[in-house]
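**Student:** Starting from the structure of chain A, add chains B, C and D where the hints point.
Protein chains: 4
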Amino acid sequence: MLHFDSDYMEGAHPAVMERLLQTNHESTPGYTTDAYCGKARELIRKACRCPEAEVYFLVGGTQTNEVAVSSVLKPYEGVISADSGHVNQHEAGAIEATGHKVLGLPHKDGKLTADAVGKYMADFLADESAEHMVRPGMVYISHPTEFGTLYSLEELKALSDVCHKYGLPLYMDGARLGYGLAAPDSDLGLEDIASFCDMFYIGGTKVGALFGEALVITRPVALKQMITHIKRQGALLAKGRLLGVQFSTLFTDGLYMKISRHAIRMAGLLTDALKSRGYEFFAPPQTNQIFIVLDNDTLARLKRHATFSVWQKLDANRTSVRFVTSWATEEGDVNALISLL
Amino acid sequence: MLHFDSDYMEGAHPAVMERLLQTNHESTPGYTTDAYCGKARELIRKACRCPEAEVYFLVGGTQTNEVAVSSVLKPYEGVISADSGHVNQHEAGAIEATGHKVLGLPHKDGKLTADAVGKYMADFLADESAEHMVRPGMVYISHPTEFGTLYSLEELKALSDVCHKYGLPLYMDGARLGYGLAAPDSDLGLEDIASFCDMFYIGGTKVGALFGEALVITRPVALKQMITHIKRQGALLAKGRLLGVQFSTLFTDGLYMKISRHAIRMAGLLTDALKSRGYEFFAPPQTNQIFIVLDNDTLARLKRHATFSVWQKLDANRTSVRFVTSWATEEGDVNALISLL
Amino acid sequence: MLHFDSDYMEGAHPAVMERLLQTNHESTPGYTTDAYCGKARELIRKACRCPEAEVYFLVGGTQTNEVAVSSVLKPYEGVISADSGHVNQHEAGAIEATGHKVLGLPHKDGKLTADAVGKYMADFLADESAEHMVRPGMVYISHPTEFGTLYSLEELKALSDVCHKYGLPLYMDGARLGYGLAAPDSDLGLEDIASFCDMFYIGGTKVGALFGEALVITRPVALKQMITHIKRQGALLAKGRLLGVQFSTLFTDGLYMKISRHAIRMAGLLTDALKSRGYEFFAPPQTNQIFIVLDNDTLARLKRHATFSVWQKLDANRTSVRFVTSWATEEGDVNALISLL
Amino acid sequence: MLHFDSDYMEGAHPAVMERLLQTNHESTPGYTTDAYCGKARELIRKACRCPEAEVYFLVGGTQTNEVAVSSVLKPYEGVISADSGHVNQHEAGAIEATGHKVLGLPHKDGKLTADAVGKYMADFLADESAEHMVRPGMVYISHPTEFGTLYSLEELKALSDVCHKYGLPLYMDGARLGYGLAAPDSDLGLEDIASFCDMFYIGGTKVGALFGEALVITRPVALKQMITHIKRQGALLAKGRLLGVQFSTLFTDGLYMKISRHAIRMAGLLTDALKSRGYEFFAPPQTNQIFIVLDNDTLARLKRHATFSVWQKLDANRTSVRFVTSWATEEGDVNALISLL
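Residue numbers (this note's numbering), protein chains in the order written: chain A, -13 to 327; chain B, -13 to 327; chain C, -13 to 327; chain D, -13 to 327.
Isolated chain A, as found in the complex (with noise of 0.2 angstroms):
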């Protein structure tokens, strides 16, 4: 059996590994206040270029994305974002849960435009009774987004720029960062977004530590005792070393943009195959995610060999269906799944 379902099947990349085995039987004080978790911050706002950012240590993608939100927003202020919106679909309200309403507006392969947004504003500062709705307090988007696409620099630049015009922090769910960075198709870089977003987050659950994801705050919008505002969100790790070693190995040599240039190189493979076949895409491949359009029959018969997400039935006879490769991922795997399709 073949596996492309998602980026979190394997554990975690050897150096990671290895590092968590050598440092295993130091004795250090918890909750993130270690010397690797420094370190770990140090190398993070160096790669930013951004030396003056805080940097946070959480363990998944849901729990970053409800810690970030509810740190930045005032009870009555709901946060935007695309209705595809990870926040907005799949993470079992865990927003709502805290308190605040997600905003979805209509989605464009994911994305978020920066006219939708201004027209938004526009329209709520104009309503009679905006005084009785939901007040904007902040701009989710997620990059690459939930269907594998990426903002360029001048789409991210105009939502930055609506945002703040505005008054909105603009955050960015990078749980796939690594493989948006090193996408072909990208001309942005970890410090223009940096630069564009209040807070972003690193992810690294998917992209080559056994779990983990850094919170980035480049500008003073969140609260300030953020510690504590984890700790109350339950997700603040005891031995919050753990984070620190991933992340200084993974920012150590550039490892972070290694795995996540392999990753891309096999969604290449996978993706120029599925051209040349004349397979139907359902959003454009950028990423590490492919989604594709089958049949029932190749549908059928591909679920004999391989395990991949499905998406959605779109008619009678066609169902959109998601293949993701990573940093684990092996060329003999997605050679064999060419020789299937």
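Simulated from the structure, these hints should not be mistaken for lab results.
Among the hints, erroneous ones may be present.
For identical chains, the list gives no copy identity; a pair is met inside one copy or between any two copies.
To be verified - Here are the simulated DSS-like cross-link-like pairs (lysine-lysine), alpha carbons at most 30 angstroms apart as the crow flies: (1) Lys143 x Lys94; (2) Lys105 x Lys261; (3) Lys105 x Lys25; (4) Lys25 x Lys289; (5) Lys105 x Lys289; (6) Lys60 x Lys210; (7) Lys151 x Lys105; (8) Lys289 x Lys143; (9) Lys299 x Lys25; (10) Lys94 x Lys32; (11) Lys299 x Lys151; (12) Lys210 x Lys299; (13) Lys151 x Lys210; (14) Lys32 x Lys143; (15) Lys244 x Lys151; (16) Lys299 x Lys244; (17) Lys210 x Lys32; (18) Lys60 x Lys151; (19) Lys32 x Lys299.
**Tutor:** Chains B, C and D in isolation, oriented as in the chain A frame:
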């Protein structure tokens, strides 16, 4: 200046004021445990032909929706609503404040269809990632809707059937229920509503009371300690008897329906005049809220003589507006408005 | 039967009812944006000698506390209160429903001391694990307290000083504020309260209004969009002018103080009689709530002729009970009660 | 420097690390649906002699408490705890963040007594204003407690009896459960805990795992869709198998108990030395947390050579401190500490 902004611009029907005055110096226990509330409960149960119903008295509409919805849902559940629903648009995130998502579905003139609910549930249950999504836990409708439109008996029955098929309690926001019941188009009686819905509220604020809503629960779908739940939401009126006095007055000698019919007759006069003058309706005029489309000149001219709600700018020269009649609307004012049109 | 259970057993003072009746047919905009609310705000600012204060009108006490506290605290902050405080005991967890802990400190006849607050803060700041604890974010007191007792000017000033030393806004629950201001023991005027507290509310429900509380914010400690915040809590009255009419009546020609003094005079008659007959007081009788200790026989006898609150069983033969007078208490009833004692 | 601050200063037991390494490249489905979690569930059910128990895997203690408590309580219910309980003191308001009050009762060496619970419930039910109060909905205990003390079988049975008499599910926080089970004083086995408690968790983070807690539910007291509930709390680990691998290792060949006994033996050496040197104990030393009282000079001297928790300043010259041993404590370090005493 003529006032057609809303149905909560005046105080209470004179009969209600009179009863409040007559009972003003009596000493009664608090928190809706008094005999007036007891009597009002009996009158409402009788009017609904539902002798077993639980009845709770609250102060306002948003508060009642918040109390009702959060008394039914489990933490991870959300409430399905037309995306135009009051809970989704004009309650400042009161539902989200209790931790729950509003799952907005496309509406038809403000109404939710049984088909839309059925399709949403079928898709949800077929979704591979349903466990990571907000689970639909109940259905919210308003009757009349935010556009003044009405469910037919057939439509309500279909909704009720699909809800019960999927184990979803059906809740009706009856902020303007009297005006719905009194509408000539309506084939729905209070007893039908009590039979098809698991919970609903009978609006007082907009239908002759100073303030107050009566929440009726016809099946055991809500929390057991409702008084504690209401207290926790800051919604338990100390001098609860004020609600009992008002509702017992409104439900004695058919007053609630009598004053509702007056508002509907006033709306009918206005509708007829609008039709005969060729005005475009933004939604079918069925109750006491009349939505029409005005060009800029007419809008500017009317604004000099009357107050009303500006709903939505449709294009450069067209705006939808809302005129509302109520128990307090005087025929002379309607005629004066008509002569302005 | 004589009624001394509470100060919310009757309707409103006749002057209030009269104004509600006079204004009943006027058409006004909703949600406390009308001219009556405007006038009431001005009268209250003047009475507080605080021309810059923000004033918001709400319906009840628990609701006002919930709105006020959640408008000040950050998510990870809690509110310090005497452990006997209303927010800690008798609001069914309304503060916790907004996500905040009530940090209960030992009380002295229902009062919180500056020393207790100072010690708590010093300990908190010295605690190695403070970051893992709820951060104190404001201080709640009630005046009169739940035991009918009063802060002196000196005590309030000391509390205010310690609060401001530690950056904690001071909030006073004034459900029975009139009765406190009118007490012969009191050296605190409304302007002192406005000066020492950052927020407080002037109770209407228990002091002559049908319902209603006026939340006064004297320093910029609360959320900016308070109307949206109030709406989200289900606490924004549609016919807001009812609150404006009531408070403008109560604050015209000294009515609020006049009716408060009446209640205090009635309580004084009762207190004198209790003292002369040697009854044991459970708390110092300072305002309109009189707590005494009864043996079983006397308790049983009095219950046959009067209603009052049974507070706490102290031992096999002794129970503390509460008698309450109000603006509506008639001297004849007090005398009748006295002759029963 | 010697480290006795806590039991989460090192990584994981070598056997756990080895299994993580062995399984690192396997592809498994996410979110604790994998076979390793399945096996771990079976091993835990067997160890508890509770074949029907539900078992969920979470990352940390505060998170587990938050998920567990909010899965049982209705909105208006609170959780009874010793006022020294972890949920009441050191979780930054995580329970309140889910909308629930912690009802703190006086403790005895960190333990809650059946009498205290019984008296609280009797008083609550007899209280005239019980409907206005937070309703007790469950009972939280920790074992070992925050003071390292233990419930006896008799004490736990009495608590369980009073809980069930009043319909309150009993929940045990077992962050350090292994150290409790391994204590020579203890007459409680895992099967007793599973029998007397409705829910409890088996701590991994402090007992040999990198991280992880196993929540065991022995009676149907919790929400049905627990995975969705966990996801909503941001607590569902993507690579859930990491938890399955760890717990299946800990529950194979008695490893969990073996490493727990080691920590207890280390604590015993230290306790004997402290006793023989006449040190004052702040709480009875029963498990791996040893609380003693130090004078200023000894405190200053020890701080130069060892790290440990400073608990509470008792008076000008006396401070309580805590020394903690764990699975990772080396006998040489204990001896070095002893020679410092």
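**Student:** Any hints from earlier that this structure breaks? Give me their numbers in increasing order, please.
**Tutor:** Per hint list: 2, 3, 8, 9, 10, 15, 16 and 19 violated.
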